[in-house]
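Student: Take 43 as the starting number for the sequence shown in the numbering used here and just add one per residue.
Don't read these hints as lab results, they were simulated from the structure.
Note that the structure is predicted; figures quoted are calculated from it, not measured.
Warning: the hint list may mix true and false statements.
Distance condition first, Cα-Cα at most 25 Å in a straight line; then the derived BS3-like pairs of lysine-lysine [said to hold, decoys possible]:
1) Lys216 x Lys284
2) Lys284 x Lys270
3) Lys270 x Lys197
4) Lys197 x Lys208
5) Lys264 x Lys213
6) Lys416 x Lys362
7) Lys92 x Lys208
8) Lys362 x Lys60
9) Lys213 x Lys197
10) Lys324 x Lys116
11) Lys57 x Lys322
12) Lys57 x Lys410
13) Lys416 x Lys381
14) Lys208 x Lys270
15) Lys381 x Lys362
16) Lys284 x Lys213
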Amino acid sequence: MAAATACQIAVDVIKLEKPDWEVTSTPLTDGGEGFCTILTESMDGELVEKVVRGPRFEEITAQFGLVDLETLGKEFCDWLRFPTSGKIAIIEMAEASGLERVPMEARDPGVTSSFGTGELIDEAHQCGAEAILLGIGGSATNDLGLGALEALGLKFLDSEKHSIEKLSPSKWDKVATFSAGVPSDLPPIRIACDVENPLFGKNGAAAIFGPQKGLEAEDWIKIEEGGKRMARMHCHYHSVSKSLCEEKGSGAAGGISFGLRAACGATLVPGIELVSRWLKLKEKMEWADLVITGEGRFDRSSLQGKGPGTMVREALEQGKSAWVFAGVLAGDLLGQLPKGLKASDLVQIAPAGYLLEQSIAEGKGLLKEAVREKIRTIG
Numbered sequence: 043m044a045a046a047t048a049c050q051i052a053v054d055v056i057k058l059e060k061p062d063w064e065v066t067s068t069p070l071t072d073g074g075e076g077f078c079t080i081l082t083e084s085m086d087g088e089l090v091e092k093v094v095r096g097p098r099f100e101e102i103t104a105q106f107g108l109v110d111l112e113t114l115g116k117e118f119c120d121w122l123r124f125p126t127s128g129k130i131a132i133i134e135m136a137e138a139s140g141l142e143r144v145p146m147e148a149r150d151p152g153v154t155s156s157f158g159t160g161e162l163i164d165e166a167h168q169c170g171a172e173a174i175l176l177g178i179g180g181s182a183t184n185d186l187g188l189g190a191l192e193a194l195g196l197k198f199l200d201s202e203k204h205s206i207e208k209l210s211p212s213k214w215d216k217v218a219t220f221s222a223g224v225p226s227d228l229p230p231i232r233i234a235c236d237v238e239n240p241l242f243g244k245n246g247a248a249a250i251f252g253p254q255k256g257l258e259a260e261d262w263i264k265i266e267e268g269g270k271r272m273a274r275m276h277c278h279y280h281s282v283s284k285s286l287c288e289e290k291g292s293g294a295a296g297g298i299s300f301g302l303r304a305a306c307g308a309t310l311v312p313g314i315e316l317v318s319r320w321l322k323l324k325e326k327m328e329w330a331d332l333v334i335t336g337e338g339r340f341d342r343s344s345l346q347g348k349g350p351g352t353m354v355r356e357a358l359e360q361g362k363s364a365w366v367f368a369g370v371l372a373g374d375l376l377g378q379l380p381k382g383l384k385a386s387d388l389v390q391i392a393p394a395g396y397l398l399e400q401s402i403a404e405g406k407g408l409l410k411e412a413v414r415e416k417i418r419t420i421g
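Take these sequences, add in the hints, and give me the full structure.
Tutor: Printed below as a string of structure tokens:
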């Protein structure tokens, strides 16, 4: 369910049940679905549609946003180390290379590519963007960002100097060397990222995020070994230390942060802090008595840097009440709730025993009923 849809459902129910309440809504994003639309529309920017390649190189239509840097203000631009005039492009990896673009039965990070994300970066560059902000949540790939770099001009050659096109991990064993590269005049790229995983190892991209993208448990070591070889070549070609593989965040989104940092000088910025500053969440909370947020699955990790958890902590720090509506409340929350948040403030909208598919299909109705029941507990 899109964040904007969930917000509107909650607003409609609250206004119906409590017509004297003042209500405002702010859809959130963690860098995945909605990142481009939410950030662009919040600043009255322009959405630009382009035909690019999807995760399996199919032709799709995706969009990116353009926002005047002046609207962000000098302090925000300085924090991002961006210029204070011109256009900033808002690019969402999920738009072109997202998991939702791939049918469940076809998900396989061995054959998917971030090529389309690179095409969006190139389109933004061609449009004259002075800066690029990239959200990398919800990706379908584990290609180290090499697909995106291919779209930007990096070439891969086999042992006979023949070009290898439409690169994906399934073709890594054919690559003998790199050639050419990305444009030297690419604007600065900032990657919104809260993931701290390194590129390789038991906490790396393939091991942690591969299974949710369709990677079979027995295959992650194979794709990781191929990835290590490609990473060494990538670092050597771009004269970057191999220690970049071990840095926090290098494993995010199948390693695209690693790839872009090595080849383009991209840097990471804390995703939820970025969104909080962009949407002025702290200021918006100041007038409220109650803050409501939600997530598909609310677990311990939600309280450790994700958007909903950050919303809850900020609300509690300001002395506000906070409620969380979730499709599923995980058992690992017991004993982990921050001071001021009661178990009764957490609401699971799906009845016990509901299958995931059923919860998704009935999500709007389930959320509507859950909000209504919770609101009615207030006299």
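Student: Each of the hints needs a verdict: does it hold here or not?
Tutor: Hint check results:
The suggested pairing of lysine 216 with lysine 284 holds, with an alpha-carbon distance near 21 Å, which does not exceed 25 Å. In summary, the hint linking lysine 284 to lysine 270 is supported, as the alpha carbons are separated by about 10 Å, within the 25 Å threshold. Taking the CA atoms of lysine 270 and lysine 197, the gap is near 18 Å; set against the 25 Å cutoff, the hint holds. Annotation: proposed proximity of lysine 197 to lysine 208 holds, straight-line Cα distance about 10 Å (limit 25 Å).
Restraint check for lysine 264 and lysine 213: satisfied, since their Cα atoms lie roughly 13 Å apart, inside the 25 Å limit. For the proposed pair lysine 416 and lysine 362, the alpha carbon gap of about 17 Å is at most 25 Å, so the pair holds. Among the hinted pairs, lysine 92 with lysine 208 is consistent with the structure: their alpha-carbon atoms are about 19 Å apart, no more than 25 Å. Taking the CA atoms of lysine 362 and lysine 60, the gap is about 18 Å. The hint holds against a cut of 25 Å.
Our distance criterion of 25 Å between C-alpha atoms is met by lysine 213 and lysine 197, whose separation comes to about 13 Å. Annotation: proposed proximity of lysine 324 to lysine 116 holds, straight-line Cα distance about 19 Å (limit 25 Å). Distance restraint check for lysine 57 and lysine 322: the Cα-Cα separation of roughly 23 Å lies within the 25 Å cut-off, and the hinted pair is therefore satisfied. Between lysine 57 and lysine 410 the CA atoms are separated by roughly 12 Å; this keeps the pair inside 25 Å, and the hint holds.
Proposed proximity of lysine 416 and lysine 381 is supported: the alpha carbons are some 21 Å apart, at most 25 Å. Taking the CA atoms of lysine 208 and lysine 270, the gap is near 20 Å; set against the 25 Å cutoff, the hint holds. Annotation: proposed proximity of lysine 381 to lysine 362 holds, straight-line Cα distance about 12 Å (limit 25 Å). Between lysine 284 and lysine 213, the direct Cα distance comes to roughly 22 Å. Compliance with the 25 Å bound is thereby established for this hinted pair.
Checked against the numbered hints given earlier, the structure satisfies every one of them.
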